[in-house]
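Trainee: Chain by chain, the residues run as shown.
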Amino acid sequence: MALDKNGIAKRIAQEVQDGFYVNLGIGIPTLVANYVRNDIEVEFQSENGVLGMGPFPFEDEEDADIINAGKQTITTMPGASFFDSSMSFAMIRGKHVHLTILGAMEVSENGDIANWKIPGKMVKGMGGAMDLVASAENIIVAMMHTNKAGESKILKRCSLPLTGVGCVTKVVTNLAVLEVKNNAFYLLERAPGVSVEEIKKATEGTLVVDREIPEMDI
Amino acid sequence: MINKKVNNVQEALTGVKNGMTFMLGGFGLCGIPENAISELVKLDIREVTCISNNAGVDDFGLGLLLQNKQIKKMISSYVGENDEFERQMLSGELEVELTPQGTLAEKCRAAQAGFPAFYTPAGYGTEVAEGKETRDFDGKMYVLEPAFKADFAFVKAWKGDAAGNLVFKGTSRNFNPNMCGAATITVAEVEELVPVGELDPNNVHVPGIFVQRIFQGKNYEKRIEQRTVRQKQ
Chain A
30 MALDKNGIAK RIAQEVQDGF YVNLGIGIPT LVANYVRNDI EVEFQSENGV LGMGPFPFED
90 EEDADIINAG KQTITTMPGA SFFDSSMSFA MIRGKHVHLT ILGAMEVSEN GDIANWKIPG
150 KMVKGMGGAM DLVASAENII VAMMHTNKAG ESKILKRCSL PLTGVGCVTK VVTNLAVLEV
210 KNNAFYLLER APGVSVEEIK KATEGTLVVD REIPEMDI
Chain B
282 MINKKVNNVQ EALTGVKNGM TFMLGGFGLC GIPENAISEL VKLDIREVTC ISNNAGVDDF
342 GLGLLLQNKQ IKKMISSYVG ENDEFERQML SGELEVELTP QGTLAEKCRA AQAGFPAFYT
402 PAGYGTEVAE GKETRDFDGK MYVLEPAFKA DFAFVKAWKG DAAGNLVFKG TSRNFNPNMC
462 GAATITVAEV EELVPVGELD PNNVHVPGIF VQRIFQGKNY EKRIEQRTVR QKQ
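Quick mapping for you: the protein sequence lines, in order, are chains A and B.
Residue numbering for the first sequence follows the numbering used here, starting at 30 and increasing by one per position.
Residue numbering for the second sequence follows the numbering used here, starting at 282 and increasing by one per position.
Only chain A is shown next, with the shape it has when bound in the complex (with noise of 0.2 Å):
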């Protein structure tokens, strides 16, 4: 069966390693915090100015001066520092910030990324995502692998306005797991129940399967 929201947050959490500063974007990428391990240190770091994110606070505790960057309420972890918008991006930009997980409506095999604007119809803007990107070296991509019409997200060319190219590394999807090198998608993993077969008609890319594929293990 495709993995629900959860399920794609809960795979993603594995690839999270002990002393990893990690952001997070907005959407199943926030849902990853609540499966790692809680046997390794990871700190989390939202780019409106926090790194050592907590969990919400507890209802009346609410601090209108202590969100994420989906202006969510949170607190701090014992260790947290706060810091201006600049810095925050010195973090990312300057490759200290070890892991990026994103959403995003398209990805291509050359890994590049669409995530901030339909022409015409939708602009919300890219945030910090471009900047996340452009910097990062591991780049994990969290999406459902099709849209609602069930037409692929998971593309020879991304068809919508670029966040960046060249740079994801690994998508997570509600059917697989993939790896992005050599202009095609590796698959890893599938879903449990899910065939081959079926990640190969929702996959318009180019699919490599080159090995026995596993069923993720979550």
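Zero decoy hints are in this set.
Straight-line alpha carbon distances no greater than 27 Å define the calculated DSSO-like cross-link-like pairs of lysine-lysine that follow:
(1) B/LYS298 <-> B/LYS354
(2) B/LYS413 <-> A/LYS146
(3) B/LYS513 <-> A/LYS34
(4) A/LYS199 <-> B/LYS421
(5) B/LYS450 <-> B/LYS440
Treat the hints as calculated values from the structure; they're not laboratory data.
Predicted model, so just to flag it, every value in this text is computed and none were measured.
With the hints as your guide, set chain B onto chain A.
Mentor: Showing chain B alone in chain A's frame:
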């Protein structure tokens, strides 16, 4: 001590005119200069360019200036929370320059620090880089981005003193420190104007040299955009 204190928001906004460019601190509704925005609405200053990460929501923050059609052009990174903004932009009434968030912050900081421009990897290969100079450094491509030029910067701090020193709380810091000294005149409004000497010099976030006018703000609403909580077990 060089005294930057002015008595109220009216005095602080002396000299604002139609057609000017303003920088406004804040991320979402967090750390926005609420008093300065209200006064700009009252003064009905029009045809302005606003540099601000977001554009408020329909009925608060910069959304108030948008509703009143006072803004000619917005320079922002994310505008997803404001329907009126999206309507004005898609219909062409409002000119919009979407800028990557880190680039937006650095264009402020460059103006503050005396850099005319800087190279950034953000936006290379996208429509943000169209028409801009690009350059290879050590095999990676970068885009040349100029510093902002603005007439006024409106920032909001938690505490400040008459010397113009500022201290921020939590994530309400965001763009505010980067905008101080990045415009011809920086106006700081604070929740608490404390006597000079009370702020520990070790803990000042923005030194007073970057601020021209400071005043005690009032009636802060500090609206929360997304109230997210967890239940007590």
